[in-house]
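Colleague: Sequence:
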Amino acid sequence: MYLPVLLWAESLQKTSRAFGKYNLRMEIMDALVSLIVPVYNASQYLTSFFKMIQDQTYKNFEALLIDDGSSDKTLEQLKVASDRNPQVKYFHQENAGVSKARNRGISEAKGEFLIFVDIDDEFEPTYVEKLANAAKNRPVELVTCGYTEVTSQNIELFKYSETTNYQNLDVLVQKVILHHSVCSALWNKIFFKEIIKKNSIYFNTEISIGEDLLFLVDYITHIECWTEIPDTLYHYFIGQNTMQNYKVATEFDERWLSEWQALIQAQKSLRQATNGYIFQSNLFTMKKIRVANKLLGRIKKYKFNTRLKLEMKHFIQANLGLALKSSEFNIKQKLKLVLVSIL
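The sequence shown begins at 897 in this note's numbering and counts up one residue at a time.
Any given hint might turn out to be false.
Unchecked claim - Straight line, CA to CA, 27 Å or less: simulated DSS-like cross-link-like pairs of lysine-lysine:
{"no.": "1", "residue 1": "Lys-1199", "residue 2": "Lys-1209"}
{"no.": "2", "residue 1": "Lys-1232", "residue 2": "Lys-1196"}
{"no.": "3", "residue 1": "Lys-1190", "residue 2": "Lys-1230"}
{"no.": "4", "residue 1": "Lys-1071", "residue 2": "Lys-1164"}
{"no.": "5", "residue 1": "Lys-1221", "residue 2": "Lys-1232"}
{"no.": "6", "residue 1": "Lys-996", "residue 2": "Lys-975"}
{"no.": "7", "residue 1": "Lys-975", "residue 2": "Lys-947"}
{"no.": "8", "residue 1": "Lys-1228", "residue 2": "Lys-1071"}
{"no.": "9", "residue 1": "Lys-1164", "residue 2": "Lys-1094"}
{"no.": "10", "residue 1": "Lys-1071", "residue 2": "Lys-1232"}
{"no.": "11", "residue 1": "Lys-1190", "residue 2": "Lys-1071"}
{"no.": "12", "residue 1": "Lys-1209", "residue 2": "Lys-1164"}
{"no.": "13", "residue 1": "Lys-985", "residue 2": "Lys-955"}
{"no.": "14", "residue 1": "Lys-947", "residue 2": "Lys-1089"}
{"no.": "15", "residue 1": "Lys-1055", "residue 2": "Lys-1071"}
{"no.": "16", "residue 1": "Lys-1209", "residue 2": "Lys-1197"}
{"no.": "17", "residue 1": "Lys-1199", "residue 2": "Lys-1230"}
{"no.": "18", "residue 1": "Lys-985", "residue 2": "Lys-947"}
{"no.": "19", "residue 1": "Lys-985", "residue 2": "Lys-1006"}
{"no.": "20", "residue 1": "Lys-1164", "residue 2": "Lys-1093"}
{"no.": "21", "residue 1": "Lys-1228", "residue 2": "Lys-1197"}
{"no.": "22", "residue 1": "Lys-955", "residue 2": "Lys-975"}
{"no.": "23", "residue 1": "Lys-1221", "residue 2": "Lys-1209"}
{"no.": "24", "residue 1": "Lys-1006", "residue 2": "Lys-947"}
{"no.": "25", "residue 1": "Lys-1221", "residue 2": "Lys-1190"}
{"no.": "26", "residue 1": "Lys-1230", "residue 2": "Lys-1071"}
{"no.": "27", "residue 1": "Lys-969", "residue 2": "Lys-947"}
Claimed, not checked - Taking CB as the label site, the calculated pair distances span:
{"no.": "28", "residue 1": "Gln-1229", "residue 2": "Leu-928", "range": "40 to 50 Å"}
{"no.": "29", "residue 1": "Asp-951", "residue 2": "Asn-1095", "range": "32 to 42 Å"}
{"no.": "30", "residue 1": "Gln-1229", "residue 2": "Asn-1033", "range": "40 to 50 Å"}
{"no.": "31", "residue 1": "Lys-1199", "residue 2": "Gln-950", "range": "47 to 57 Å"}
{"no.": "32", "residue 1": "Lys-969", "residue 2": "Ser-1223", "range": "44 to 54 Å"}
{"no.": "33", "residue 1": "Gln-1176", "residue 2": "Leu-1235", "range": "26 to 36 Å"}
Keep in mind the hints are simulated off the structure, nothing from the lab.
Note that the coordinates shown come from a computational prediction; the quantities given were computed from them, not determined experimentally.
All C-beta atoms, glycine included, are put in the ideal place defined by N, C-alpha and C.
Work the whole structure out from these sequences, hints included.
Modeller: What follows is the structure, encoded as structure tokens:
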């Protein structure tokens, strides 16, 4: 006869843990959402972006655009847009990179929730509404949504859409690491600003590739539960980031190495998690093997010398047996790993 009461009490306790830890205000039904958008020489994308925010069904938001030292007409367009629409706020800084721009956005944000947007992508009219409603109405501290990957010719290459309600943070980290899953990008997620502020979670300005992953893992180590909604709300246009497009590079870009360093730091954050969760130690192993193999290939191609070369080679050697047994690598990739480990 007491079972229904016990089940109710257990449910209430879980909800209390999720919201009570950070005093998250569940009763606010129209919370302010801050969209943080770094921009650099983005003049060609601004008209489309302003149209998308104008079409949002959720109206209580602010769009914070941080100009990272643009040399085109971006800043002038931001000034005009800000004069016309009080929801648009712009800030200017000398060119310092996307991480510093996002950190500026966090410090200027007035919203209870934060969404990070890339200026050259697209999102649905219900983008803010569905993410915000899920964050407000569920006992969670992180919400993710579905997305597509699209070419510059508007050809859809991939679509991700799943529904998950988990308190298992290992599952979340696994989905973050997998490219075609929740992924490590920030644009399909909504964050609680209070969690970010109370735990001083900011972007590492020394990391050029992998800064999203590092920020996300740091955030995950301070939460207890999350959910993903199936709605495909964001459209990521691939091939826009020339820094990662090594095929057109004429020499080795040292910033590529920060992807390896980001993985090392992210793994360290998991080991030092403050939320009491004991993460599996091998979550990053396969990802690190992939990145090490990729970077060693580029180092060889461009005849570049770095102290990290030996570190990455030793890592592959130490985990070669695990990689050879894994279904994540095909025969060609496994052969390449063997060659890398012995040469």
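Colleague: Taking the hints in turn, state whether each one holds.
Modeller: Now the hints, each set against the structure:
1. Lys-1199 with Lys-1209: Roughly 15 Å between the alpha carbons, so the hint for Lys-1199 and Lys-1209 holds.
2. Lys-1232 with Lys-1196: Answer holds: Lys-1232 to Lys-1196 is near 13 Å, not above 27 Å.
3. Lys-1190 with Lys-1230: 13 Å, holds
4. Lys-1071 with Lys-1164: 18 Å, holds
5. Lys-1221 with Lys-1232: 14 Å, holds
6. Lys-996 with Lys-975: 21 Å, holds
7. Lys-975 with Lys-947: 16 Å, holds
8. Lys-1228 with Lys-1071: 25 Å, holds
9. Lys-1164 with Lys-1094: Holds. Lys-1164 to Lys-1094 sits at ~20 Å (cutoff 27 Å).
10. Lys-1071 with Lys-1232: 26 Å, holds
11. Lys-1190 with Lys-1071: Roughly 21 Å separates the two Cα atoms, so the pair holds.
12. Lys-1209 with Lys-1164: 20 Å, holds
13. Lys-985 with Lys-955: Within the cut-off at roughly 15 Å; holds.
14. Lys-947 with Lys-1089: Measuring from Cα to Cα gives roughly 26 Å; hence the hint holds.
15. Lys-1055 with Lys-1071: Within the cut-off at roughly 15 Å; holds.
16. Lys-1209 with Lys-1197: Satisfied, since the Cα-Cα distance of roughly 15 Å is no more than 27 Å.
17. Lys-1199 with Lys-1230: Answer holds: Lys-1199 to Lys-1230 is near 23 Å, not above 27 Å.
18. Lys-985 with Lys-947: 15 Å, holds
19. Lys-985 with Lys-1006: OK: Lys-985 and Lys-1006 at ~11 Å, within 27 Å.
20. Lys-1164 with Lys-1093: 21 Å, holds
21. Lys-1228 with Lys-1197: 18 Å, holds
22. Lys-955 with Lys-975: 21 Å, holds
23. Lys-1221 with Lys-1209: Holds: Lys-1221 and Lys-1209 sit about 19 Å apart, inside 27 Å.
24. Lys-1006 with Lys-947: 22 Å, holds
25. Lys-1221 with Lys-1190: 19 Å, holds
26. Lys-1230 with Lys-1071: 23 Å, holds
27. Lys-969 with Lys-947: 18 Å, holds
28. Gln-1229 with Leu-928: 40 to 50 Å: 47 Å, holds
29. Asp-951 with Asn-1095: 32 to 42 Å: Holds, at about 34 Å.
30. Gln-1229 with Asn-1033: 40 to 50 Å: For Asn-1033 against Gln-1229, whose Cβ atoms are near 43 Å apart, the range 40 to 50 Å holds.
31. Lys-1199 with Gln-950: 47 to 57 Å: 51 Å, holds
32. Lys-969 with Ser-1223: 44 to 54 Å: Given range 44 to 54 Å: holds, Cβ gap about 50 Å.
33. Gln-1176 with Leu-1235: 26 to 36 Å: At 29 Å between Cβs, range holds.
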